[in-house]
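Asker: Please take these sequences and the hints and turn them into a complete structure.
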Amino acid sequence: MTTQTTSQAQTQRQSSEQLQTLMQAGQISGSLSFNGLMSKEDEEMSRSALSTFKAKEEEIEKKKLEVKERVQAQLGRIEEETRRLATIREELEALTDPMKKEVSVVRKKIDSVNKELKPLGQTCQKKEREYKEALDAFNEKNKEKVQLITRLMELVSESEKMRMKKLEELSKSYQIASKVLGADLLVILIRCWFTWMVDSEAKPFNGSVGCVLHQIIAFLALVIGPSFCA
1 MTTQTTSQAQ
11 TQRQSSEQLQ
21 TLMQAGQISG
31 SLSFNGLMSK
41 EDEEMSRSAL
51 STFKAKEEEI
61 EKKKLEVKER
71 VQAQLGRIEE
81 ETRRLATIRE
91 ELEALTDPMK
101 KEVSVVRKKI
111 DSVNKELKPL
121 GQTCQKKERE
131 YKEALDAFNE
141 KNKEKVQLIT
151 RLMELVSESE
161 KMRMKKLEEL
171 SKSYQIASKV
181 LGADLLVILI
191 RCWFTWMVDS
201 EAKPFNGSVG
211 CVLHQIIAFL
221 ALVIGPSFCA
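Residues in the sequence shown are numbered consecutively from 1, following full-length UniProt numbering.
A couple of the hints might just be wrong.
Unchecked claim - The list that follows gives simulated cross-link-like pairs (lysine to any residue, SDA-like), each with its CA atoms no further than 20 Å apart:
no. : residue 1 : residue 2
1   : K132      : E144
2   : K141      : Y131
3   : K127      : F138
Please keep in mind that the hints were generated in silico from the structure rather than gathered at the bench.
Answerer: Here's what the structure looks like:
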């Protein structure tokens, strides 16, 4: 409704401005007619202004009728709804509770059940807290177990990688040593062994050092001996 009123006010203001323009054009045209110098453009402008003014007036009247019809229809609906609300109000005032007695009995039973439910609810809350605490402790220990298992797997994997890497390095070192040193290593170890025998004045294979040297010499003789002899 407010938007329509604003639109009508703007339309009326435009019509007034056009009317003033038309009056000014009429004054100018009258002045020119009096002097016998009215041009064709002035006549066309006057006719156009009159036609525009007439069309705006007709449009305003049409919108006024439309708004009036809508208002009347709305008023009719409001009156009808008012009568309906009044009827509903009368029925509400006359309404009584046919189940009042039964409702009272059921309410008393509900109060009695509520009294019984209160201690049961407290017991449930207590048990729920105990269960929650036990569940939290279980979950925490289980989480710790999973972490430890994961760490163990990581350590085993890391240890395996390190040992394999070390074995590869030792294998490469052995291959390089066997190629570079050859029989010279065997001669050096034999000299060390004899020197140790003379210094310690011991039997050839007594003592841990002698046993170790003997084992090394035997191993190198087995590995390098064929190539040395060749």
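Asker: Decide, hint by hint, whether the structure agrees.
Answerer: Verification of the hints:
{"no.": "1", "hint": "K132 with E144", "verdict": "holds (18 Å)"}
{"no.": "2", "hint": "K141 with Y131", "verdict": "holds (15 Å)"}
{"no.": "3", "hint": "K127 with F138", "verdict": "holds (16 Å)"}
Of the numbered hints listed earlier, not one is contradicted by the structure.
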